[in-house]
Amino acid sequence: MVKLLDKLWPRNMSGQIALLVGIALLVAQSINFGLLVRARDRQELIQVAAPAIARLADAIERDAAGAPMLRERGPWLLRRGVVVEGKSRVTPGMPRREDIAERARVALHDLRVPVLRVEAAQAAGSAVRLPGHDRIAQLRDTIDPERRNNRPYLIVAAEVSPGRWVNLITRLPSRDPRFLGWLFLQTMILYFVVLAAVLWSVRRVARPLRELTGAVEGFRSAESAALVPESGPSDVRRLVSAYNGMRTRIAGLLDEKDRMLGAIGHDLRTPLASLRVRAEGMEDEAERDRMAATIEEMNRTLDDILSLARLGRPSEPETRVDLSALLDQVVDDFQALGNTVSLADMPRTTVTIRPTLVTRALRNLIDNAVKYGGSAEVSVAQADKGVAVLIDDNGPGIPEDKIEAMFEPFARLEQSRSRETGGTGLGLALAKAIALQHGGRLTLANRPEGGLRATLWLPARGQA
Amino acid sequence: MSDRPHLLLVDDERSIREPLAAYLQKNGFRVTAVGDAATARLRLAGYAIDLVVLDIMMPGEDGLSLCRHIRESGEIPVILLTARSEETDRIVGLEMGADDYVLKPFSPRELIARIKVILRRAGNGGARLRPPESESYAFAGWVLKAGERTLVDSDGVSVPLSTGEYNLLLALVSRPNQVLSRDQLLDITQGREANPFDRAIDNQISRLRRKVEPDHRNPTLIKTVWGGGYTLAADVTRM
Numbered sequence: 001m002v003k004l005l006d007k008l009w010p011r012n013m014s015g016q017i018a019l020l021v022g023i024a025l026l027v028a029q030s031i032n033f034g035l036l037v038r039a040r041d042r043q044e045l046i047q048v049a050a051p052a053i054a055r056l057a058d059a060i061e062r063d064a065a066g067a068p069m070l071r072e073r074g075p076w077l078l079r080r081g082v083v084v085e086g087k088s089r090v091t092p093g094m095p096r097r098e099d100i101a102e103r104a105r106v107a108l109h110d111l112r113v114p115v116l117r118v119e120a121a122q123a124a125g126s127a128v129r130l131p132g133h134d135r136i137a138q139l140r141d142t143i144d145p146e147r148r149n150n151r152p153y154l155i156v157a158a159e160v161s162p163g164r165w166v167n168l169i170t171r172l173p174s175r176d177p178r179f180l181g182w183l184f185l186q187t188m189i190l191y192f193v194v195l196a197a198v199l200w201s202v203r204r205v206a207r208p209l210r211e212l213t214g215a216v217e218g219f220r221s222a223e224s225a226a227l228v229p230e231s232g233p234s235d236v237r238r239l240v241s242a243y244n245g246m247r248t249r250i251a252g253l254l255d256e257k258d259r260m261l262g263a264i265g266h267d268l269r270t271p272l273a274s275l276r277v278r279a280e281g282m283e284d285e286a287e288r289d290r291m292a293a294t295i296e297e298m299n300r301t302l303d304d305i306l307s308l309a310r311l312g313r314p315s316e317p318e319t320r321v322d323l324s325a326l327l328d329q330v331v332d333d334f335q336a337l338g339n340t341v342s343l344a345d346m347p348r349t350t351v352t353i354r355p356t357l358v359t360r361a362l363r364n365l366i367d368n369a370v371k372y373g374g375s376a377e378v379s380v381a382q383a384d385k386g387v388a389v390l391i392d393d394n395g396p397g398i399p400e401d402k403i404e405a406m407f408e409p410f411a412r413l414e415q416s417r418s419r420e421t422g423g424t425g426l427g428l429a430l431a432k433a434i435a436l437q438h439g440g441r442l443t444l445a446n447r448p449e450g451g452l453r454a455t456l457w458l459p460a461r462g463q464a
Numbered sequence: 465m466s467d468r469p470h471l472l473l474v475d476d477e478r479s480i481r482e483p484l485a486a487y488l489q490k491n492g493f494r495v496t497a498v499g500d501a502a503t504a505r506l507r508l509a510g511y512a513i514d515l516v517v518l519d520i521m522m523p524g525e526d527g528l529s530l531c532r533h534i535r536e537s538g539e540i541p542v543i544l545l546t547a548r549s550e551e552t553d554r555i556v557g558l559e560m561g562a563d564d565y566v567l568k569p570f571s572p573r574e575l576i577a578r579i580k581v582i583l584r585r586a587g588n589g590g591a592r593l594r595p596p597e598s599e600s601y602a603f604a605g606w607v608l609k610a611g612e613r614t615l616v617d618s619d620g621v622s623v624p625l626s627t628g629e630y631n632l633l634l635a636l637v638s639r640p641n642q643v644l645s646r647d648q649l650l651d652i653t654q655g656r657e658a659n660p661f662d663r664a665i666d667n668q669i670s671r672l673r674r675k676v677e678p679d680h681r682n683p684t685l686i687k688t689v690w691g692g693g694y695t696l697a698a699d700v701t702r703m
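Those sequence lines, one after another, are chains A and B. With the numbering used here, the residue at position 357 of the first sequence is 357, and numbering never jumps. For any residue, its number in the numbering used here is found by taking its place in the second sequence, counting from 1, and adding 464.
Simulated from the structure, these hints should not be mistaken for lab results. No experiment lies behind these values; they were computed from the predicted model shown. Ideal placement from N, C-alpha and C gives every residue a C-beta, glycine not left out. Keep in mind that a hint or two might mislead.
[What the hints assert, rightly or not] Okay, the calculated bits of chain B under chain A, using three or more residues with CB under 8 Å as the criterion:
1) 479-490
2) 559-565
3) 614-624
4) 671-678
[Claimed, not checked] Counterexamples of contact, computed for chain A against chain B with all Cβ distances above 12 Å:
5) G15
6) D99
7) E159
8) P173
9) L183
10) T187
11) V193
12) V228
13) L239
14) G252
15) G262
16) L275
17) R276
18) M298
19) T359
20) G397
With the rest of the complex left out, here is chain A:
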């Protein structure tokens, strides 16, 4: 039940406001309806009871005076429906109208008409037999007994002396069946007008909010995020304009970051370049090569840091590239440095990538394989509507529970950050970030035959 309510409860603003306004209108209309019915009943009481009581009083007085009730000249209507009998026409089965009886008692008392008891009840036409019913009415009743039988009648009976009752039988006005219809129509008009106004104003607020939500959700980089047009009520406008301002400030911050990263890159590479040139002048050849390797290592780390920091705003456009040729080049670079890296034969494969970034990712993966596994075997497989580059090594692998942690920046398997094995632990984090940036993924798994397999999967977008 709660679940169903939960399901039906609208989630968005316009739905909730419409539902709440609808419920509020329903409650208000119900109260109105009750009040209206009560008012109508009071009106009816006054309209019907007053003349009935007057006629009853008149009849009692006439009875007291010994005047006959029927076949008497005079205002006929006044005497119509009066029966003087030894019993009350109110029978126990009839619904009592104590309100009318009470009114009658008070009125008769005020008129100083002495009565012993007064009863009042409502009865259907079928339960009432009328003396002196006019002919037209009788005729109508014979033609349409249904109508007579269903009509409500009011019976007011007064016991004037023990065993002598003056009964007054009069018609109650039949209720207008259209009353409910009118009330319903009125409610509908109210609903329509109020809900239309509410929905219109809610829409006015909801539309700019929706656009704003879309813009915030789609916020990837400051350039691609368009300014949201300011519309709607002033408070919503202020929100939109605050967002637009924030977007501009974020764009400024990102520009600032790019400038700063550029400056850091330049300011660190320049002294590295100077070191590298000076190293060339060293006499000891082995020492010189070690120094060159260290400088190269520092430069690679710097590149990784800058790439990772800039990944959100790549400057390089996506290009369709021959992956086999790209891999060939990366592998060749490793081979040229004397590393054991092999590339399996593969058919020509086209991928849509940012070549410099993917090259960097592959280089980091192969570098890891060479560093920790001694060698790397690179192969390519078509998989899962994409291309998977597999980099296998023959190293010790990684304990299963540590694999996820390897993707954290600056994570390395051994706790000591020894430079013997090299690397800052940025390589995998960057490779993974690059894979994700291309809509691909990077996974590590221990091979059953030993060693580690890194799988860089790229989606086959625009594959020729």
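Based on these hints, arrange chain B on the given structure of chain A.
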């Protein structure tokens, strides 16, 4: 060209300029080293400079602007030094008319090799020192874009080439249907003499074949000439 080629080294960074100038001098070059673009313009006007090694990022007039000036006023080859690794910077540099670029920090030996390649190419090519930056070569369904240093197939798929492979392919496409010996190719692409057991060119040829030949075991594009060397068996259209 004299025995000692005259290089102009432009870098605002003294800590690079001075040791690099010394190193280049030690390796057989005459070197004029200056710290800004204005002085560089004066030296260019005053000396017969064979090649300019130019830093991109300099206060005042930057390297790219100076590179454009050099390109407009003559045929002196330019090698750019850049501390930024963004791809766009390299392409812009090459489009500005630079002949090559080197990323800082660079190996001075690598720089000398590049200088020699360009000087050799300039020497062999006579008046045409280098392909204009807008030049492209179309051959056998491939387009080699000299400005961007990219090889693109008819579907627009680019094929990455190493500097050595690019230089080798450029040497072949700029001399179609000519037989080029291993020595010549080594001279043009790497600026050095071959030793008797040098397999560098053959290795690069086989790598190139894997990239451009429909079937690299039966090459039809880059053909081996018996006893001689290699030739590009295709019609080349300059675009």
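Verification of the supplied hints:
1. 479-490: Contact hint for the region 479-490 of chain B vs chain A: holds, 6 residues under 8 Å.
2. 559-565: violated (count 0)
3. 614-624: holds (count 7)
4. 671-678: holds (count 3)
5. G15: 49 Å, holds
6. D99: The assertion about D99 of chain A holds, with a minimum of 94 Å to chain B.
7. E159: Label holds. Min Cβ-Cβ 113 Å, cutoff 12 Å.
8. P173: 91 Å, holds
9. L183: For L183 of chain A, whose nearest Cβ neighbour in chain B is about 74 Å away, the distance exceeds 12 Å, so it holds.
10. T187: 67 Å, holds
11. V193: 61 Å, holds
12. V228: It holds; V228 of chain A is separated from chain B by about 30 Å at its closest Cβ, greater than 12 Å.
13. L239: 37 Å, holds
14. G252: 20 Å, holds
15. G262: For G262 of chain A, whose nearest Cβ neighbour in chain B is about 6 Å away, the distance does not exceed 12 Å, so it is violated.
16. L275: It is violated; L275 of chain A is separated from chain B by about 7 Å at its closest Cβ, not greater than 12 Å.
17. R276: Non-interface label on R276 of chain A violated, nearest chain B Cβ at 4 Å vs cutoff 12 Å.
18. M298: 8 Å, violated
19. T359: Label violated. Min Cβ-Cβ 8 Å, cutoff 12 Å.
20. G397: 31 Å, holds
Comparing the model with each earlier hint shows violations of hints 2, 15, 16, 17, 18 and 19; every other hint is respected.
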